[in-house]
Structures are given as C-alpha cells and as structure tokens.
Amino acid sequence: MDPIIILHAGIATGTVLLFATLGEIFAERSGIMNLGLEGMMLIGAMSAFSITVATGNGLLGIVGAMLAAGALSMLHGVVTIHFQADQVVSGLALTFLGVGLALVFGEGLSKAGTISLLPRLTVPILSPVPVLGPIFFTNQSVLAYVGYMLVPFSWFFINRTRPGMHLRAVGENPSAADAMGINVYRQRYIYVLVGGLLAGLSGATISLAVSPGWFSELTTGGLGWIAVGLVIFAAWNPWRAAFGAYAFGALRRTILDIQGPQLLLGIRNPFFFNPYYGFFLQMLPFVFVIVVLIIASREALRKRIGAPAALGLPYVRGERGL
Amino acid sequence: MSFKTVWRGTGLLLISALLLAACAQAEEAEIVGGFEIPVVEDGKFNVAMVLIGPHDDGGWSEAHWDGLNYIEDNIPDTHVAFIELVPEGADSEQVFRSLARKGFDLIIGTSFGYMDPMEIVAEEFPEQMFIHLTGFKTNGENYGNMFGEMEVFKYLAGMLAGSRAKMDGNPRLGYMATFPIPEEIRLGNAIMLGAKQTCPECTMDIRWINTWHDPVIEKEGAASLFDAGVQVVFTGADTPAAGDVATEKGKWGVNYDHVNACQTDGCLTAPYWTWGPIYADIAKGTIDGTYEPGFQYFDSAAGGMGLFGFMEGQTPQPGIEDLPAEDVQLVRDTLAAALRGDFDRFDVFKGPIFDNQGNQILADGVSLEQLDLDGFAEFGSPCSTCMYWWADGITAELPDL
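Protein chains in written order, with the working numbering: chain V, 256 to 577; chain P, 3 to 403.
Think of the hints as simulated: they come from the structure by calculation, not from any bench.
If you're wondering where the values come from, they're calculated on a predicted model, not measured in any experiment.
Yeah, the Cβ is synthetic: ideal placement off N, Cα and C, and Gly gets one too.
Among these hints, one or two may not hold up.
[Stated by the list, open to error] Below are the SDA-like pairs computed for lysine to any residue, each with C-alpha atoms no more than 25 Å apart in a straight line:
| # | chain 1 | residue 1 | chain 2 | residue 2 |
| --- | --- | --- | --- | --- |
| 1 | P | 251 | V | 505 |
| 2 | P | 251 | V | 380 |
| 3 | P | 251 | V | 381 |
| 4 | P | 251 | P | 276 |
| 5 | P | 251 | V | 388 |
| 6 | P | 251 | P | 173 |
[Claimed, not checked] What the simulated footprint calls covered on chain V by chain P, stretch by stretch (three residues with Cβ under 8 Å from a Cβ of chain P suffice, anywhere in the stretch; the number is not a length):
| # | stretch |
| --- | --- |
| 7 | 405-418 |
| 8 | 442-453 |
| 9 | 500-514 |
| 10 | 523-530 |
Chain P extracted, bound-state conformation:
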C-alpha cells in the first residue's frame, strides 16, 4: 500500500467518524449561532437560563447559575439548563427563540442587553414565561422584569470603603463602571452617598470600561484607577478584578455579585446576590399560575442579597479589622435594619442630596420614587427626578442626552 493510499484511507475514516459524531449529536441537541440548545425533559417544569459570562466566573453569572440550581434542588419535578457566554443583541434573540421552541416553561435572561430580544421572543411565545434582568421593560403578561435593591448593599460597602480610605489617609475612591445606564449610575451614586457617611471628604473617580464581562479589561480598568492614586476601587462588572488587582497593588478593592467573590486579602467586602430563593418563588408562582410578571424589585428583607463578611456565619475580610469601631457598628446596624425591612432604597436616596454640579437633587426628607431609580427622562421614562446625575463627590460628568 502506498503512502498516499494510507493517508487517503485515514482521511476518509476521519471524515466519516466526524459525520457520525455529528449525526449522533443532532438527535440530542440543536446548534444555533454556535450555541448548543439544551432539551427539555418531558413531564417536568423546565427552566432555561441565558448567561453573558461563563457559569463559573466567580461573579455575576455564577451567582445566577447557583440560583438556577437552587430551583432544581428545591422544587420537585423541575429540570434546569443554561447557555453561557451569549453576546447581547441579535445573537441572543436566536438563542431565546430556540429555547422557547424547545418548550422551556420559564426562560431567564440575565444581562441588560437581552432586554429587546427577549421582548420580541416573549411576544411570539405567549404561553411561556420570560424573566429578564436588569433592564426596564415588561409586557405585563409573560415578559417580566426583575431586580433587587442592590443600592442598599452598595451603600453599605461605600461606608466601609470611605472609612478605609480615610483611615489610610487617602480619601479617594474609584468606580469601574460598565455602561452609562440607570443601573450603573444608581449603584455608583449609592456608593458615593454611603462613603460620605464615614468620610465626608471622599471623592470618587470613574472609569467606563464598556463591557459587563471581560476579565482582562476589568483588571486594566482597576489598575488604571489605582495608578491614578485611588485607594479603594469598586467594580460594577462581573468578575473579582478589583480585589485581585488591589492585592497586587497593596490597596483595596470591593468586588461584586457572588458570595465567593472575595478570595484575596485586598478585597474589602463584596455586596452579593443570592438568587436562589427569589428564583424559586418565581418558578413556584409560574407553576401554579400565580406569578404576575411586571416590574418586580425585591427588598433587602427578601433574602436575595448580602454584604460579604457581615452576614451570618461570615468573618470580615482583613481590611475591615482595624477600621474605627463606630464605622463598622454603623454598617452592622444599617445592615440589620435593612434585613429587617426598616431601611431600604428610599432611605439611601433621601434628601438632602446634591449632585456634583451643585444642584439640589432632593430636598430635605424627600426620597426618590421607584421610577426615578431606573429611568432617564430623555429615554421616555415618566420619572420626575430620574437617575441621570452624579452625586456630590464623584469626579465625572455625563453628556447631554
């Protein structure tokens, strides 16, 4: 047998092997836009989740993934599946449509940019329930919006960071923000308002990184803030980059999203999500037809959020230990009040509040309304005060819309 024949034979075998493998696959899963669409299990309540990052990113996506598994573990006869690393926009529309076509009863999309695609697909499949985070749209029938008052926990983390920066003699904070949307501005303002409680002279720089999930850019963004002289960096994106870079630079970072986001000593704390109980309630409500989709915005008392180092059974991070006792006590008291239901987002955003241009946003004792939290008037929101302003102390500006 000549050399060439051997190679031809090998090639043919390889191709047929690949073809066979492809056919075997086709029976189980369908590939759409490069994503393998999972299948439903007959006779069960099927839940699908679409993630923007990997399910083990140590942050945002992992917190949701934990919540998804909580559904399967706690509600009998449920089956869950997920698709990860799905870009926002047109790609995601295909993915959502395929999931709906497969027959998933509840489909959860966990990134801001899935908002419009999900709205379109929900319209096409009126029998199935679609839940979206973190945008601002709902159709009131089968496409619901959901989020929680994370601003309370960012506010508490802001208190700790302000105390830390003041203690270190460098009253400068930094906020690595993703996109100029209401959510990011709201959380940034909450951090600044919290920091002012413990450190009235504190200021905060902003870096826009234009991504929710890019660990490398997140690290560069944190480094950019630290090198500019900032003492504590907050992240608004998905991975624990702020605390990791802080550890290398000998400074402090505040991570976000997942209870395990604080793995390095430079991480001061992390406001995090525990989606499980919230998702389980939605799943239960969908099964017995009691869940009414709309703008669900849960309180701190709902058990969906935490502040790492301060919840039951947790030890504070090393950076907390030498902070002034009265500051730490203030955080503990406010947190306890929030978990009881005595302190919420309307207490965080309660006047007098000034923006960084010197305008009074809220008069003494006046709070923002729910609509203000997530709206820009320029984009058609009927809000009155809205969220297109930076709190006093933030070194950044917003362009005219």
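Chain V extracted, bound-state conformation:
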C-alpha cells in the first residue's frame, strides 16, 4: 500500500468530483442550487463516450458532453429563475430526467471499446520533483491538468475580478445587485449554465479517461451526490473543493489498497484479515454527505460556514426581500 500510488489514483477520480464541484460552486454562488448534478454528469458521460466512439475524436466528445449537460442545466434555469420554482424539487427532477435520458440514449452503447480514449501526459520538468511529481505530474490524463488550472482560475475569477464580484453580489443580495444595474436573471442563467457545462465535463472525465466506457447509471455511481456534499464542505471555495475532491478520490482507492499489506503501521491489518470491514469504509463517503447536508439544512450553521445569503431563494424583480 503505497501512499503515492493511492494519491495518484485519487487525483484521477478526484478530477471527476472537482469539475462537478466547481461547477456547482459557480451556480450556488449566484444563488441557484442545482441538485441535478448526478443527472447532468450521466448525460455528459453518455454523450462524451457515444460521440467519441462514433467520431474517434475525444475533444469532440468533451464538447458534446458539456453542451448536452449545459442544455439540461438550462431547463433547471428556466424553471427556477424564470418560473421561480423550488430549486430542490427542480434539481431532484433534473436528476431523474438526466438519468432517464442518459439510459435511453445510451442503450446498446456499453459494448463499444473500453480503454482510455484520451491521452495521458507526464510533464517533463515537474515529474522528477519528489512526492509531488509522481502524484500530480506523472501519467495523468490531460483532464487532470485541466483541473489543476481550473482551481486557481475559479478562485481568482470569483474573488478578484469584476464579473466575479457581480456573481457574488447576485448570490448574496440580488435586489441590491439589481439596483446597481446588474441583470440578476442573466447572471444566474450564465452561472447555472457554467455549472451544467462543468458537470458535463465531469461526466466526460469518467467515460473517457478514468473508467472508460458506458455502464448505465453505474457510470457515475453516486459521485454527483458526493459533489453536492463537497460544495458545502468546501464552503463554496475552489481551493477547499480541490482538497476535498482529491481526498475523496484517494479514499475510494484506499478502500481497495488497504487490503494488501498484512501489517499496517506495525500492527495486524484488520482489512487484510477480515474482508467484511471493507463495507464500513465503502459507506463513509455517503455518511459524509448526509452529515454535510444536515449541517447545510440548518439556517444558523449555514450562515456560519458562509453560504451565499440568497442561495435557494427565487428572485422576483420589484418584490421586497433578498
């Protein structure tokens, strides 16, 4: 059980979570919660794989995946922004819709080729760096590198640029933003779309790079829900999101690798001697999501961890309130 191997594998799975989490951070920062991540990711995974197998072009697959998931997210946008419907209900409906559509269009796809459809890269100068090199910069999928760049970019965009300030304003106090001349509706549509595009990219990461192939709803296997939990764990901060996503990726792999050695830190390794303990580890990510969602559902706690003040509240122009 080599921690470097575990972390290296964790980056790959973590990249899936990272894209979805970052996308959701953008959407929620603008005040729109989209619980449909799982559905959008599945649509993305299906479109990416289907298009790439048909055309042989991975880039086309990624673009297709982002557009498909983006289109789905716009449905959520229309329902929650234009018609001011409940965001939780619409998000859940979006999950069902996305999963259903993906299964219908993915019918018969699962037999097609099953090895990685995107190139892997080793960065010449950075890969020899001890510890960090073998984890981050050796034989990782191109999409992992996109993830590395997207994290600082997202942080900078949200916290240090003018459009980022508008984004935060719309999520914290839409009426004030409106009064300042920001088009609240347009802003929210844009960031819901960004959330959808990134969820599509996240799905494409699974079906093209991490676990190539199309395996119906098991392709995402609940990762979308973990991403929803990660957004809250990350307190809507891209850096913490990256940490959480990679840590979760590593945890998934640890569950398997920990069964290898007979001794763990000098004592009898319980996971080597008893296969049943693995069930407990497999449960942990979902326990985490439940705990985080409980915290987030409590108003006082939410304020404390820095949730956007207008998150989940529809904005009606001209009405009093947030």
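Following the hints, put chain P in place on chain V, whose structure we already have.
Just chain P now, kept in the frame of chain V:
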C-alpha cells in the same frame, strides 16, 4: 391570449398527454418497484429471467441473456422475457412474485442474493418452476439450484496465467473477488491450484470489491492489484474490467463469463459460460414434467462452459502465443480430457492440497466431496472439509466465522 394562459394551456396538455401515456402503458405492463413486469403470451411456455446487471454487460448477465434467447430459438412455442438491473434482496422478491403472478411457467434468477427471495416466492406458487443460480438452496419440488463446475475452467486459466507470470519474470497473480462466499473462494482456490502447475513459485493477492456488478469499482480493483505489482489479474465479477485495465497497464487480465469477454489484447483468456443448451434442457424437462429440481451441478462435458481461445474455431489471445509450448499443451490436454468427461472438479480438488496456513486440507489422492465445494460448516452445511480455506500461495486470510 396572455403569456400565462399559453403556459397554463401547455402545462395542461402536457399533463394530459402524460396521463394518457400512463394509462396506455398500464394495459400492457405493470410497474413493480420501478421495474416493468413483462406479460406472458397465452398458449406458450413462458420463461422469465431476472438479471443483476444489464443484459449487454459483456459478461455474466449477457451470457445468461444469450441462454434465454437460445430457449426461444430452439424450443417451439416458447416465449421469453427478462428484467435487468434488479438489486438483490427485498426488491427482487417483489419482482419474482409479480412474475409468478403474471403466470410465467419457468422463472430463472441469476444472482446469489436472489436465493432467499426466490425460496419464499417458490413456496407461494407451487405450480411454477423456479431455478436459481448460484446459491445453495432448493426445496426439491419447484425451487431448484443450478450451477456448473466452472472451477475446472478457472483451473485451466490459472495454468495459463501462472505460465504467463513466470515467463514475464514476475510470479504474482491477483484475484478480484466479490464476496467471501463458497463460490468465490472455490474459484479462487482453483485458480491458485492451476497456477501452481505451471508456476510453483506463484503467489496470488486478493481484493474484495463487495459487488457483483459495478464496472467502475471493478476497474479500480484491477488497477489496485496491478499497481501493487501483480502481473496477471483474475476477475470474479461480471464485467471485462481486468483485461481492459491490463491493456492500459501493459499487463495481463483474465476475464470471465461471456465468450466475447476478451475484446482487448491485454486479456489472456476468459473462462466462459454457454448457458443455452443447459437452459434448453431445463425448459424441455419442465414442459414434459421430467425435470426434477434439486442441486443440479453440471460437468464440463455438458457443453455449458468454455475457455476462450482454446475451444473449436477460436484463436488464442496474443498473450498466449509466446508461452512455453509444454504449458499450452498441458492446458489443451487437460481441457480435452475435461470435455470428454475424464477430468472434473474432483480432479482439481484432489490431494495433496495444503492451505496457506500450512495445514493439509486433503491427503494424497483424496478428493473433495460435492458438499465441500459449496459449503461452510459454520453456516450449517453438513460438509466435512468445506470451502473455508485459501490454497497455499494465496496472500490473504479469512476471519473466524
């Protein structure tokens, strides 16, 4: 007409359309627990199958689905239907009950965890036949257990994998096992015993993945073994993940279940099932009332199994080509003997056999009994040696039950 009216109208139209669609559906099919229950065709012999994975998973479920279609194609006046992706446990009980209520004459459940639900439902519908794989229960009347001696083919694949690993100078195998049940331990032991024939120094690591069908976890499990330094990975689960990951890692995998499971060059071979003839016999026997359900355990000679690359009309995978000729010949000879009926599970599990704790499991020339193959004494099986042990060479342990 105002904007709002247009939307209201559209909404109403949508809802009524959905309602109409739902009513039209209701006449044809019933939905139970999210699963659409198929209907029987009057005047025909109706067979239903419940699958744990999708019917096109390229592995276990697809092999059964092929077998189901074989029934319809080869026995006149039969109608077949299936339900896929049915989780084990309580959900499946509803599905089995609904199928029985619809009037299916023969209902086949193809996953270990359907065992208890099927037992309950079979009791409620004594006129219909229930066949279950791969558990260890039967009521001797209308609920039968069925499986075949796959251990022979895993043993042969173990020979090839041992030869391959030795040739590559890395005598380490890996076995991605699903759950600690007799079937998985038996097949793992068979692999190890086979590998020892061609590679006495070979060892085998185990990864429990706690699932029969989760392609993503299966891939992660295979990667975990390869990254730990293993040269050839076997899978005990449903999809071709081992060979696929092996291809990416430049190593070797042994897939399972379906004749088409070896689609990538990294796949060394695949022991597979051809359920068609077996199912057809059961269906025929049920139609004329001659089939007696119990513990049916068919031999290699029954034509229900194969070793990919070595059966008639197949070409061996690239990974076989440069193996020592005497190893490949040994596999071919043993396979031929098995298909003739001269080599079976009792030859695979024939002493001297030691477990990995140094205990002698079987004395020289003594074989396991049928009960031992599928039993844990701790769970009430009257077996004497049982299957709760790992063969010498396997790097893993089993907890006290």
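Verification of the supplied hints:
Pair hint residue 251/P plus residue 505/V holds up; C-alpha atoms about 19 Å apart against a cutoff of 25 Å. Among the hinted pairs, residue 251/P with residue 380/V is consistent with the structure: their alpha-carbon atoms are about 23 Å apart, no more than 25 Å. Our distance criterion of 25 Å between C-alpha atoms is met by residue 251/P and residue 381/V, whose separation comes to about 22 Å. Distance restraint check for residue 251/P and residue 276/P: the Cα-Cα separation of roughly 30 Å exceeds the 25 Å cut-off, and the hinted pair is therefore not satisfied.
Distance restraint check for residue 251/P and residue 388/V: the Cα-Cα separation of roughly 19 Å lies within the 25 Å cut-off, and the hinted pair is therefore satisfied. Between the alpha carbons of residue 251/P and residue 173/P the distance comes to roughly 17 Å, so the proposed pair stays at or under 25 Å and holds. Residue count for the stretch 405-418 of chain V with a Cβ under 8 Å from a Cβ of chain P: 0. That is fewer than the three needed, and the coverage hint is violated. Against chain P, the stretch 442-453 of chain V contributes 0 residues with a C-beta closer than 8 Å to a partner C-beta. That does not satisfy the three-residue criterion, and the hint is violated.
Under the rule that three or more residues need a Cβ within less than 8 Å of chain P, the assignment of the stretch 500-514 of chain V holds, with 5 such residues. Remark: the stretch 523-530 of chain V is confirmed as covered by chain P, as 4 of its residues place a Cβ nearer than 8 Å to a Cβ of that chain, reaching the required three.
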